[in-house]
Amino acid sequence: MTNYRFFFILACMTCLFYTSCEKTGYPVNENEILDDRRIMPRDTIEDCEECPVGYCCCGIELAGTATSAQLIFCGAYSPDTPTTPCGTSSPPSPCAAISGSQKTINLSSSGHGRELFCVPAGGSFSITNIGIATTIRFTCQVEETEADFEEISLGVDETVFFDSNGSCFLEECP
Numbered sequence: 001m002t003n004y005r006f007f008f009i010l011a012c013m014t015c016l017f018y019t020s021c022e023k024t025g026y027p028v029n030e031n032e033i034l035d036d037r038r039i040m041p042r043d044t045i046e047d048c049e050e051c052p053v054g055y056c057c058c059g060i061e062l063a064g065t066a067t068s069a070q071l072i073f074c075g076a077y078s079p080d081t082p083t084t085p086c087g088t089s090s091p092p093s094p095c096a097a098i099s100g101s102q103k104t105i106n107l108s109s110s111g112h113g114r115e116l117f118c119v120p121a122g123g124s125f126s127i128t129n130i131g132i133a134t135t136i137r138f139t140c141q142v143e144e145t146e147a148d149f150e151e152i153s154l155g156v157d158e159t160v161f162f163d164s165n166g167s168c169f170l171e172e173c174p
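In terms of the working numbering, the sequence shown opens at residue 1 and continues consecutively.
Do not rely on the hints blindly, as some may be mistaken.
Claimed, not checked - Simulated restraints on C-beta separations:
id : residue 1 : residue 2 : range
1  : D157      : E49       : 30 to 36 Å
2  : P85       : M13       : 46 to 52 Å
3  : P52       : F8        : 52 to 58 Å
4  : S153      : T104      : 15 to 21 Å
5  : N106      : C12       : 54 to 60 Å
6  : E46       : L10       : 43 to 49 Å
7  : S109      : E46       : 17 to 23 Å
8  : D148      : T65       : 18 to 24 Å
9  : E50       : T14       : 43 to 49 Å
10 : E143      : F6        : 56 to 62 Å
11 : E49       : I132      : 56 to 62 Å
12 : C12       : T145      : 51 to 57 Å
13 : C12       : T104      : 55 to 61 Å
The hints are simulated quantities; they were obtained by calculation from the structure and are not laboratory data. From the three backbone atoms N, C-alpha and C, an ideal C-beta is built for every residue, glycine too.
The task is simple: from the sequences and hints, build the whole structure.
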């Protein structure tokens with residue numbers, strides 16, 4: 001009797017093994033990978049959990065009647081590799097010296113009107129407008145229910161400097 005139980009259990013396990021390895025039935029050409037389906041490195045932050053420990057999660061968006069913005073951030077974290085260094089700059093007080101990687105953000109009212117970025121808590125960063133004159137609104141307290149927002153207008157090739165304290169509160173450096 002125990003031999004029958006053993007063979008019955010063995011037969012059930014064999015059936016489970018074969019059915020779990022069943023192919024989907026969808027035709028797949030493994031020799032051809034289309035360019036639009038290849039895995040590419042990301043250059044954007046999709047979620048605040050992607051920011052390194054000790055960094056503030058910041059969000060930026062178009063404000064007012066602005067329809068687009070092309071901005072370069074210096075001192076912001078960028079997940080793409082390799083990163084483009086932006087050198088060291090000495091902004092006005094109370095901002096500290098800025099160094100790190102450069103991140104380009106393109107905002108458009110017809111596409112990506114908002115984007116996330118990360119900056120070191122207690123660190124400084126700069127924003128340079130390389131597009132048309134625009135108005136933007138941003139915060140480094142994205143995860144807070146009542147975040148403090150900064151709204152600024154930037155002319156062409158204008159640079160502004162900001163400092164984020166340990167609580168990710170923003171202060172503009174004049």
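Evaluation of the provided hints:
no. : hint                       : result
1   : D157 with E49: 30 to 36 Å  : holds, 34 Å
2   : P85 with M13: 46 to 52 Å   : violated, 58 Å
3   : P52 with F8: 52 to 58 Å    : holds, 55 Å
4   : S153 with T104: 15 to 21 Å : holds, 20 Å
5   : N106 with C12: 54 to 60 Å  : holds, 58 Å
6   : E46 with L10: 43 to 49 Å   : holds, 47 Å
7   : S109 with E46: 17 to 23 Å  : holds, 20 Å
8   : D148 with T65: 18 to 24 Å  : holds, 23 Å
9   : E50 with T14: 43 to 49 Å   : holds, 44 Å
10  : E143 with F6: 56 to 62 Å   : holds, 57 Å
11  : E49 with I132: 56 to 62 Å  : violated, 33 Å
12  : C12 with T145: 51 to 57 Å  : holds, 54 Å
13  : C12 with T104: 55 to 61 Å  : holds, 58 Å
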